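Trainee: Sequence:
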Amino acid sequence: MITIDIDASRATVAQRTGTERYSYEVIAALDRIAPAEVQFRLYINGGCERLPPLSQRAQVRDLRLPRLWTHLRLGPASWRARPRVLFVPAHVVPLLHPPTVVTIHDVGYRVFPEAHTARRRLELEVTTRWSLRAARRVLAVSEATKRDLVNWYGVNPDRITVTPLGLSADFGPPDDRDCVTAVRARYGLLQRPYLLYIGTVQPRKNLARVIEALATVLAAGYNLDLVLAGKRGWLSEPIERRASELGIADRVRFTGYVADADLPALLAGALAFIFPSLYEGFGIPVLEAMACGAPVITSTISSLPEVAGDAALLVDPLDVHAIAAAIMRVHDDATLRADLRQRGLARARQFTWEACAQRTLEALMAE
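Residue numbers (full-length UniProt numbering): 1 to 367.
Hints are computed from structural coordinates only; laboratory data are not their basis. Errors might be hidden in some of the hints.
[Unchecked claim] Only pairs whose alpha carbons sit at most 25 Å apart, straight line, appear in this in silico SDA-like list of lysine to any residue: (1) 231 - 258; (2) 146 - 107; (3) 146 - 126; (4) 146 - 351.
[Stated by the list, open to error] Between beta-carbon pairs, the in silico distance windows are: (5) 50 - 237: 28 to 34 Å; (6) 329 - 241: 24 to 30 Å; (7) 222 - 179: 55 to 61 Å; (8) 50 - 173: 26 to 32 Å; (9) 3 - 237: 46 to 52 Å; (10) 122 - 186: 38 to 44 Å.
All figures in this text were calculated on a predicted structure; none of them were measured in a lab. From the three backbone atoms N, C-alpha and C, an ideal C-beta is built for every residue, glycine too.
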């Protein structure tokens, strides 16, 4: 038997966002596609009930510790167990470790330092440098992230395997349109068409410019709402104030975290999904929106063109007028909306967690 240890601590988080969802999905897919001679040993810090359904080949070790869990629990336990390899799906390699493969999702703190506290930037810089040096192989979630690691950290490109993310089976056009109406009603979105953003509310997501673009669109006579669905992150307060400063606070809805079960209906009911982020390691919300049939407006930079292909309207995220023009174009052109929906559905089908897991497993087995 070949034993692969996995840091599964991110997969047990109650409210999963980017890296947590990746951890959950890639672990589940690895368990589905690995050959019979492979077994997995998952290390967690509580929350066993939030792991995905797994086969009997997956053993779970719950090693609880309030602080420094990675270095004081995960690392020593895996080192003593002598696996073929330890897989760390989210950034930090333990100080003491067996042969390790680590996934680096992005280096947004380098591109957009003002979105982080000085302490957090230092922490991310130190842990990323350590993980890149300590790991036998690095997984990057996009070609854009691979380029960043090569350009900024001098990583040998031969050490990096690109493993594009997949799409959860939970995302697709709802079969029942009444469900879409019910979810819209629950969030108070039946009055007007709405633009939808899903993700953490933070400066890197470029939401202040989206709000400014909405103000331009409303001033031109359009009748729309903007729904910002996601947890409030650091420096979210200036984003919320911007809507009030422009006099459109009643047209911008901050919903907070939205349960996964509501997302497909919210996406399917949107006039468009808007995601002109300033930097993304991958940008999985773009795929999720496409899979649910929402026309997508996204950014021309970082990994987003790589993910969107020809299935979205790409805009300069620094140009408020370009964002506003894209919104008005989608609003006015039903043929364009239909075309973006069809292209998006086809594009989303190209990204699966099984394909991500297969590339991941090949990298793990090579060590």
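Trainee: A separate judgement is required for each hint: does it hold in the structure or not?
Mentor: So, going through the hints one by one against the coordinates:
For the given pair, residue 231 sits about 8 Å from residue 258 by alpha-carbon distance, which is consistent with the 25 Å threshold. For the given pair, residue 146 sits about 10 Å from residue 107 by alpha-carbon distance, which is consistent with the 25 Å threshold. About 18 Å separates the Cα atoms of residue 146 and residue 126, which keeps this hinted pair within 25 Å; it holds. With a C-alpha separation of about 18 Å, the suggested pairing of residue 146 with residue 351 holds against the 25 Å cut-off.
Take residue 50 and residue 237: their Cβ atoms lie about 30 Å apart, and the range 28 to 34 Å holds. In this structure, residue 329 and residue 241 meet the distance hint of 24 to 30 Å, their C-beta atoms being roughly 28 Å apart. Checked against the given bound of 55 to 61 Å, the beta carbons of residue 222 and residue 179, roughly 27 Å apart, lie outside it. At about 27 Å, the beta-carbon gap between residue 50 and residue 173 stays in the expected band of 26 to 32 Å.
Under the hint 46 to 52 Å, the C-beta atoms of residue 3 and residue 237, about 47 Å apart, fit the expected range. A hinted range of 38 to 44 Å for the beta carbons of residue 122 and residue 186 is consistent with their spacing of about 42 Å.
In summary, the one numbered hint that this structure violates is 7.
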